[in-house]
Structures are given as C-alpha cells and as structure tokens.
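K.L.:
Listed below are the residues making up each chain.
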Amino acid sequence: MIRLAKSARVAAFVGVVALSGAALTACSSAGNSSGTASTGGGTYTWWDPYPQHDASSDWAKRVDACGTAAGVTIKRTAYDTTALTNQALLSAQEGTSPDVILLDNPAVSTLADTGMLNTTEGLGIDTSSIDQNLLAAGVVKDKTYGIPIGANTLALYYNKKVLDAAGVDPATITSWASLTDALAKVTAAGHKGITFAGIGTEEGSFQFLPWFWGAGANLKQLDSSQAVAAVTLWKDWLAKGYAPNSVITNSQNTTWEEFLTGNFAFGENGTWQVDSAAKAGFPTGIIQIPAENGGAAPAPTGGEFLTAPVQKATGRYATTKKIINCMTTTDGQVKTATTFAYYIPPTAAGQQQLLAQKPDLKAWVDAVKSAKGRTSDNLGTDYPKISQAMWTGVQKALSGSLSPKDALVGAQQAALKATR
Amino acid sequence: MRATQTRAVGSPGTPGGAAITSPPPASGGLPAGRRIRSTQWAAMAFAAPLIVYLVAFYAFPLYRNIELSVHDYTIRAFVQGNAEFVGLANYADIITSQTFLPALRNTALFTAVSIAFQYTIGLGLAVFFRNNFRLSGVLRGMFLIPWLLPLIVSASTWSWMLNSDSGIVNSVLQAFGIGQINWLTSPGMALVSVIIANIWLGIPFNLVILYSGLQNISPDIYEAASLDGASGWKRFWYITFPLLRPVSAITLLLGLIYTLKVVDVIWIMTTGGPGDVSTTLAVWSYREAFGTGQPAFSPASAVGNLLILIALAFGVLYLYVQRREDVS
Amino acid sequence: MTSRPRWWKTALGVFFTALMLFPVYWMVNVSFTKTKNMRADPPHWFPWDATTEGYQAVFHQQMPALATSLLIGFGSVALTLVISAPAGYALAKLRLRGTGSLNFILLVAQMIPAVVMAMGFYAIYLRLGWLNTIVGLIAADSTVAVPFGVLLFTAFMSGIPEELIQAAKIDGANTWQTFRSVILPVCRNSIVTVSLFAFLWAWSDFVFASALDRNGSMIPITLGIYKYIGSNTTEWNSIMAAAVVASVPAAILLVVAQRYVAAGVTAGAIKD
Numbered sequence: 001m002i003r004l005a006k007s008a009r010v011a012a013f014v015g016v017v018a019l020s021g022a023a024l025t026a027c028s029s030a031g032n033s034s035g036t037a038s039t040g041g042g043t044y045t046w047w048d049p050y051p052q053h054d055a056s057s058d059w060a061k062r063v064d065a066c067g068t069a070a071g072v073t074i075k076r077t078a079y080d081t082t083a084l085t086n087q088a089l090l091s092a093q094e095g096t097s098p099d100v101i102l103l104d105n106p107a108v109s110t111l112a113d114t115g116m117l118n119t120t121e122g123l124g125i126d127t128s129s130i131d132q133n134l135l136a137a138g139v140v141k142d143k144t145y146g147i148p149i150g151a152n153t154l155a156l157y158y159n160k161k162v163l164d165a166a167g168v169d170p171a172t173i174t175s176w177a178s179l180t181d182a183l184a185k186v187t188a189a190g191h192k193g194i195t196f197a198g199i200g201t202e203e204g205s206f207q208f209l210p211w212f213w214g215a216g217a218n219l220k221q222l223d224s225s226q227a228v229a230a231v232t233l234w235k236d237w238l239a240k241g242y243a244p245n246s247v248i249t250n251s252q253n254t255t256w257e258e259f260l261t262g263n264f265a266f267g268e269n270g271t272w273q274v275d276s277a278a279k280a281g282f283p284t285g286i287i288q289i290p291a292e293n294g295g296a297a298p299a300p301t302g303g304e305f306l307t308a309p310v311q312k313a314t315g316r317y318a319t320t321k322k323i324i325n326c327m328t329t330t331d332g333q334v335k336t337a338t339t340f341a342y343y344i345p346p347t348a349a350g351q352q353q354l355l356a357q358k359p360d361l362k363a364w365v366d367a368v369k370s371a372k373g374r375t376s377d378n379l380g381t382d383y384p385k386i387s388q389a390m391w392t393g394v395q396k397a398l399s400g401s402l403s404p405k406d407a408l409v410g411a412q413q414a415a416l417k418a419t420r
Numbered sequence: 001m002r003a004t005q006t007r008a009v010g011s012p013g014t015p016g017g018a019a020i021t022s023p024p025p026a027s028g029g030l031p032a033g034r035r036i037r038s039t040q041w042a043a044m045a046f047a048a049p050l051i052v053y054l055v056a057f058y059a060f061p062l063y064r065n066i067e068l069s070v071h072d073y074t075i076r077a078f079v080q081g082n083a084e085f086v087g088l089a090n091y092a093d094i095i096t097s098q099t100f101l102p103a104l105r106n107t108a109l110f111t112a113v114s115i116a117f118q119y120t121i122g123l124g125l126a127v128f129f130r131n132n133f134r135l136s137g138v139l140r141g142m143f144l145i146p147w148l149l150p151l152i153v154s155a156s157t158w159s160w161m162l163n164s165d166s167g168i169v170n171s172v173l174q175a176f177g178i179g180q181i182n183w184l185t186s187p188g189m190a191l192v193s194v195i196i197a198n199i200w201l202g203i204p205f206n207l208v209i210l211y212s213g214l215q216n217i218s219p220d221i222y223e224a225a226s227l228d229g230a231s232g233w234k235r236f237w238y239i240t241f242p243l244l245r246p247v248s249a250i251t252l253l254l255g256l257i258y259t260l261k262v263v264d265v266i267w268i269m270t271t272g273g274p275g276d277v278s279t280t281l282a283v284w285s286y287r288e289a290f291g292t293g294q295p296a297f298s299p300a301s302a303v304g305n306l307l308i309l310i311a312l313a314f315g316v317l318y319l320y321v322q323r324r325e326d327v328s
Numbered sequence: 001m002t003s004r005p006r007w008w009k010t011a012l013g014v015f016f017t018a019l020m021l022f023p024v025y026w027m028v029n030v031s032f033t034k035t036k037n038m039r040a041d042p043p044h045w046f047p048w049d050a051t052t053e054g055y056q057a058v059f060h061q062q063m064p065a066l067a068t069s070l071l072i073g074f075g076s077v078a079l080t081l082v083i084s085a086p087a088g089y090a091l092a093k094l095r096l097r098g099t100g101s102l103n104f105i106l107l108v109a110q111m112i113p114a115v116v117m118a119m120g121f122y123a124i125y126l127r128l129g130w131l132n133t134i135v136g137l138i139a140a141d142s143t144v145a146v147p148f149g150v151l152l153f154t155a156f157m158s159g160i161p162e163e164l165i166q167a168a169k170i171d172g173a174n175t176w177q178t179f180r181s182v183i184l185p186v187c188r189n190s191i192v193t194v195s196l197f198a199f200l201w202a203w204s205d206f207v208f209a210s211a212l213d214r215n216g217s218m219i220p221i222t223l224g225i226y227k228y229i230g231s232n233t234t235e236w237n238s239i240m241a242a243a244v245v246a247s248v249p250a251a252i253l254l255v256v257a258q259r260y261v262a263a264g265v266t267a268g269a270i271k272d
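Chains as they are written, first to last, in this note's numbering: chain A, 1 to 420; chain B, 1 to 328; chain C, 1 to 272.
Everything labelled a hint here was simulated from the structure, so no lab data went into it. The beta-carbon is built from N, C-alpha and C at its ideal position, and this holds for glycine as well. Any given hint could be a false lead.
Cβ-to-Cβ under 7 Å is the rule here; a few derived chain A residues that face chain C [as the list claims (entries may be wrong)]:
no.	residue
1	D80
2	A83
3	D126
4	E257
Non-contacting residues of chain A with respect to chain C, defined by C-beta distances greater than 10 Å in every case (computed) [what the hints assert, rightly or not]:
no.	residue
5	P51
6	T68
7	E94
8	K161
9	T180
10	K185
11	L233
12	K235
13	N253
14	S276
15	G281
16	P283
17	Q353
18	S403
Heads up, simulated DSS-like pairs for lysine-lysine below, C-alpha to C-alpha not over 25 Å straight-line [unchecked claim]:
no.	chain 1	residue 1	chain 2	residue 2
19	A	K160	C	K9
20	C	K9	B	K234
21	C	K36	A	K279
All chains, please: the whole structure from these sequences, using the hints.
P.N.:
Structure (structure tokens):
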C-alpha cells in the first residue's frame, strides 16, 4: 500500500522544508554577496548563453581562470539564448544584474537602450583594435556598449560527392542564376538541392539576410523590388522542388541534420558546424553565399558581446574590467575561437594568429570580414521589430498564403507601425 | 455535483441511523449556539492555509499582470520602473491589431475541437476500460505516460512525426498512396496539426477523471436497468451519460481553462505560423513577451487578461448552470 | 455479463494503447538515432544504425537533475495535499461561509497563464530569498495543483454520507479527529488522484523552473535537458534519452497508482 499515513506525509513535508531551508540559507548568502563591494576575493556573477558547456568544460575553466587572475571567484550561469534577454531584463528591473552578461549581438542595442549596460568608454576598455563591422552591433548613438568575443557567419556548405555526381563545379557558382542552374542539375541527377532555415524566429531572419542583402535590399524598405526578388528566389526553389517544404519550420540545427543525411547538395549554415562537416560521411567544402548578380553577398554576423551591466556598487567595475580584458586578449580570442566551434576573433591580430594555427579557416575569416551586423545602418532597437515583420512575411510567401509582393508589402506596413 | 454524488452512492439507512434523529448528547454539553460557531471556527481553520496560499501566490501575479497592461511598459520603462499610465490604450491596440481576429478565431477552433475530441475519446476509453479485463489496469496506467513527458519532448516528437519530408506520418500515408501533406508548413494544415497533438496530450486527463466518475456509479443501477431490458447503447445513453453529467461538466470546464492556456505545444511545433495561421491568443501573448528580440510586456499582458476574461465568462456560465441544476 | 470471452477486449486494449503510445515509441527511436540519420527521408522505423551516445550523456550528467525532479515532485504533492484536503473538507462539510466566492476564486486562479505567474513569482521570490531554491520551486509547482485538488476533494467529500461524520461525533471526536480518522481514510482514492496530478504537473514543469531556479545548485530534469540545446545546435538523441530515462521511474509509479485511482470513492466504505 503506497499511501502514507497523514502524519508520515506531514513529517515528510517538514523534512523537505528543513532540508531546503538549509540549502536556502547557503544559496541566499551566496546570492547576497553580489550586491556588496569587494576588493579582494568575492563572487562575481557571469551569465552566458552556452548551456552546452557545463562546469567541467574548457570554456568554464577559462572563465574561472580569468576570475582567479582578477582575484575573485566567478559564479557562472548558462541560459538558453531566448531566456537570457528576458532574465537580464527581469534582474535589471530588480537591481540584481549580474556583473558580466554575454549577449547575442542584436540584443545589445535593445538592452543598452534601457540604460542597464555600461559603456566601454565608461569602464575604460579599449575597443580600437576591434574590426569596425563587428563592433557596429554594439554601438548605439556613438557609444559602445560591449566587446564581441568573436563572430561567426553563414556560408553555403556543399556535398562534394553529390556535386561531382551531377557534374557541378562549386567554383562556378558566383550568382543566383548559376546557383539555381546547379540546383536544377543536382535534382535532375536524383539528389536534393538546397536546405536552409526559414523558421518564424530570429534564426529565419538570420538565414534570409544574405539573400536579402545580396539582392541589394535594405532593411528599412522591406517591400522594395530587390526584397521581392530575394523572397521569390526562395519561393521558386520550393515550387520547383530544389528546396524541401520543411524549410518553413527548419531551425539551423534541423537544416544541418538534413544536410548530414548526405542527400543535399547545399546546406546554408555557419562557422559552428566546421567540425561536424569534417566528420560527415562525405567530403564537404564551403562557398560564399552568392549575391544576385555576382560576388559574395554580405552575411549577417552572429556571436555574442561581453557586456557589463550597471551595478549599484560601482566599486565592482575595476574587477569587471580586469575580467573582460582577460577574456579578450589576442591569445584569449584565439582560445575562444577554437573552444567555440570557430568564432572568428574580432581583431586583425587575433585573426592572424588563428590562421597561423588553422589555415583552412581562411574562407571563414574572409566571410566574417565582409559580414554585416544586423543592427548596423543605424537600425539599433528597430531591428528586432523589422526582423519580426520580415520573417512573418517570408513565411507567408513561402507557405503560399500570400504572393511574395503582397507578403512583403504587409511586412513593411507592420514594420513601420511597430517602429513608429 | 454534490447532490448527484450522494444520490449515486447508495441509500441511507446505515447502522446507527436510528440514533441520529435527535441531537446527540454533545461532548462537553455545549449549548447549540456555541456549537455552530465552533464549527465555523473549525471551518475557517481548515480553509485558512488555502486562503493564505491564494492571496500569497495568485493575487500578486494577477495584480502585476493588470498593472502591466494599463501602463506603457517599453523595456526601458520596465527596467527603470517609470512606465506611463495609458489606461485602456493597450487593449484598444490589440483589438484593432490585424492579428486579433485570426487569433480569436484560431483560439475558438483550437479549443472547441480539442475539447470535443479529448472528451469523446476519453469517455470512450473510460467506458471501454470499465469492465476489468486482463491487463486493463496496466494499460490504463500506460495511457498516462504522455503526461510524464516534458512538453518540449512531446511537442518535438510530434514535430518530427509530422515533418513534411522526413516524418513518419507522411511516410505511412505515402505507403497508402496519399500524397505528401505539409502538416506544419501549409496554412491549411498547421492548425490541424497542433490540434491533433493537443488532443493527444489531453486524453489522459479526461480518461482519468471520467473513469473515476464512472466508478462512482453504483452497479445496482445497472442491474436494475438490465432487469428492465436495457442494454449496451441504451444503457450508456440513458443511464451512464446523465449520471456522469456533473463530472463531465467539470471535466469540460477544466479542459477549457487548460486548453485556453496552451502555448508550448503550438510554439514548439509551428511558432504560431506560418504567418499567423496557428496563432492563438495565448501564443500571441507569449510571442509578444518572449518570442521576439523586443519584449513587449504591455500588449502581452493585455492579451493575457483578455484570455482570463474569456475563461471567466465560461466559468460564470458553468456556475450559473450548476446553480440552476442544484435548485431543480 | 461475462459470457463473451475477454481476450478480445485485451487485444483491443493493447491496440488502443499502442496507438496512443506510438509517439512515445518514436521518442525512444530518436533517442537511439545518430545525428546523421535524424532527418533521413524516408525515416527509419527502427534505429538500425543505433548509438548510445545520448544515454551515455544522460547517465553521466543528468542523474542529479533526476533526483531533484523527484524531490520537487514529492514535495509538491505533500504541499498540495496539506493545503487542499482540509480546505476541501471545509468547503464540503463544514459549511464555510463564502463557499460560493471561494469556489469562484479557485476557478479564476486556474485561468492565469503560467508565464504570468512566473513573472509575478520572480518579484516575490527575489524579496523572500526563494530564488534558486527547491522550496520556492515546490511552492510554485503546487500552484498548478492546489485549486484542482480543492475542487476534487470538495466533490468527493460532498459524497460522504453525513451518518459517518455523526457517528464519529457521537464517539466524541472533534472536527480534526473526525477529519483524520474518518474522512481521510475514506478519501484514499481521491488523495491518490490528487497526488498523481500534482506529481505529474510538477514533474513536467518547465516554465517555473526556468524563471525561478536557473542558477540553483539543484535543477530539475526539464532544465537539465536544455544543456543539450546550444545556441545553434541541438543534440536530439540526448534530449530524448533524458526524457526516456526520466519517464521510467514515473511510469512505474503511475501504473501502481492507477489501482487506487480506479476504485470508487465511498463505494467500499458503506457497503456491508
């Protein structure tokens, strides 16, 4: 009989409360110290969006090492990216922000706008050696609010076996026309063409932007003819069967899984899959995403910024600055690059050192150099709203609810309304 | 519900009934007036933990949600705490938004169809399992397994199964000669797909409650009915179903309230898309607050409150019907 | 009416159960699948090319999270019962004044979306110091079950014949003693039902855990799973493996508890 007598149940409850009470006092004392100023030996809190790197990982050890070098212990918490921004807002509201947050770059301007982040100038951190196109995402009204720890971007991975079987040479793919031709040849030879992520979240916008910018379109004008051309490109691929229907709900991870089956000629994905591509059961390579009429399309930058939220105890900033500087030395950047599935260092020195170690990353370094921040062009806090309108429009066009033109006209109206 | 339960359980006339015609020699010999008050004290003492609990845990979130919806909480205002009071402007905004009518329609469809099927299938299974046969206990227990799974797992599994190209459902359909159905990506089928997954998730709840309700119906009634020659379907329709009405009513009401709140399933399977095709009010509220790079807490809480009002309307309806039944 | 052979019912039962649990089978299938076969078209019915890397990851990393989930589950059950059983009695039998409004408030309480609750709790817990604690999470998880529990207890306790209670009063029991020795034993099945619901809801909760216990030293399995969801990559076989491993003890609990949820409430109590 599994039912406990009531008294036993009450005892169990009291026991749980007592146990947790002990844990509670331990936890709350650790939590309170972040509010007090400390010069030597204290706890600094660090939030990042890398839950796949737990306490025993190289990344965690590096973070700890930088803490020790600065004379403090770092308490690190990993959130998934979507939860991180909201948790940051909640804690800023309550005045309990952590000391360092690694923010996805499009979120930096949004949080900076609330006044919860310190400027790098204010903290005395030098950002002059950082590549301008990579720093741009963290610049709001000429003030810089963080340092990128590295950047990644998108390219087209190809499956050499499938391309050879169809008689396509990847070096000849330099424009949309040549890409579509290649897709036609590949599907005629019995394989699948291309896969990408068109999901209704920021990931979808991220993957759509190289084509959008490659057509010459501008995020301030979502219904321009160039923008319509970009959406029509995707839509035609779907209609002709060059891209599978699942792209409408694909995340980037799903796209990669599809590519790994070996049936696809092309998969649009990022630097972070370099190791996985090397281990795939078929030979792979990458080409830059082509622009409509030739050349490489600007791809959006991914990657996080190290930011220092505003604290009540301003005495903490000296140590925070030490920690941030420790993480962003040239050596540190290269280490981050290799730990993190290839974040490209944001400085020329870092990039050179990385290439010395891994020369086959040259194509990616070039891609990152010509990449563009999503919040640049002075979009700042408008970007998230425009992005949402854009992915909604793309989804409507791809799923056939609206024609590409109508979908984008609706998107532009929504974007204008939201950014009024 | 009260009255029906007592009727169903069996007639009075238990041993000792004869002694209960007059007030028993009360322990302690308290006069009648004092006794009534002490019962009220006891009642309040028993209900006190609940009342404290309700105030502590529900009052504040509800208050906060209303407060969020009548101010203009841009995220800067959220962090700095200086939001402007805008009265009902947020509500006006969401009602005139182009997402409002589709969301309302989708919510109505999603809820009505989900509940109808969950209830019917749950009832059918409850009746099926009623007569114990070999393994019926184990099988009934296994029906609750979907409930154990974290929603991210169950919703993701359904996404996998319904994937247009690599999903098992399309694979099976193609084996039968039916063409590829784009479950999650076509405007026509996206809502259907999330409804199917939601029905699957809701069957265990309905099964358990309806099954318990069935067990409360005394077999004596069935014996009497079979003596009168009623069998099978007639038995169900004229005896079982009416006796089950109070349990059904509460099951349907709770099912409605829970279904109105559903977000995870839809979000993980389609993120409310493509476009707004599978966006319900709950999903819309979630998306405003957490689904984009610019959290918009005020519209999100306005939609959330609208949802609570709709649920409230049904709750009031339920209580009204209850009261009429109790009187009759 | 046992003239018909029962085996066909068992067969039909097995068929229905298999149909219902097919997605669970699929989950197990994915948990053994290698990443490169995840999106195979057509999909593999059976993981011929199996891998145990998901399970290895789970056994190395998730066991503490499983234990935490169990603790939170049982804690939530205890708290729910302690609050809702006496309240149910008060509403059903003690003729509490204001029963109608309390019932109404309980209904409203269940209408508030979890996300709204979580955001409200964050503010409260911060001031109480309950963030990142098990106690806080137990209290939060129980908010899903308590209104339901009160509803259920009220319904079942209303059906208890007055005679039982009067009999106890004659024997000199006060309200508390009546509650403990007469009402509770008779309500055994509703206690198990409410416990089951409370446990299951707490077990699969994610929203509260995510908002309130992120950086705790003890996190439940629903959060543990997120370890496998990186910013751009997801290890599905590990996630599904974690779900499978998490389900096994709870499934056993379920099957055992079903027996008690089954039987009638007072049917056994007054039959002679």
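K.L.:
Look at each hint and say if it fits the structure.
P.N.:
Hint by hint, here is what the structure shows:
{"no.": "1", "hint": "D80", "verdict": "5 Å, holds"}
{"no.": "2", "hint": "A83", "verdict": "6 Å, holds"}
{"no.": "3", "hint": "D126", "verdict": "27 Å, violated"}
{"no.": "4", "hint": "E257", "verdict": "4 Å, holds"}
{"no.": "5", "hint": "P51", "verdict": "5 Å, violated"}
{"no.": "6", "hint": "T68", "verdict": "20 Å, holds"}
{"no.": "7", "hint": "E94", "verdict": "5 Å, violated"}
{"no.": "8", "hint": "K161", "verdict": "14 Å, holds"}
{"no.": "9", "hint": "T180", "verdict": "22 Å, holds"}
{"no.": "10", "hint": "K185", "verdict": "20 Å, holds"}
{"no.": "11", "hint": "L233", "verdict": "23 Å, holds"}
{"no.": "12", "hint": "K235", "verdict": "22 Å, holds"}
{"no.": "13", "hint": "N253", "verdict": "4 Å, violated"}
{"no.": "14", "hint": "S276", "verdict": "8 Å, violated"}
{"no.": "15", "hint": "G281", "verdict": "6 Å, violated"}
{"no.": "16", "hint": "P283", "verdict": "14 Å, holds"}
{"no.": "17", "hint": "Q353", "verdict": "24 Å, holds"}
{"no.": "18", "hint": "S403", "verdict": "29 Å, holds"}
{"no.": "19", "hint": "K160(A) x K9(C)", "verdict": "56 Å, violated"}
{"no.": "20", "hint": "K9(C) x K234(B)", "verdict": "20 Å, holds"}
{"no.": "21", "hint": "K36(C) x K279(A)", "verdict": "10 Å, holds"}
Comparing the model with each earlier hint shows violations of hints 3, 5, 7, 13, 14, 15, 19; every other hint is respected.
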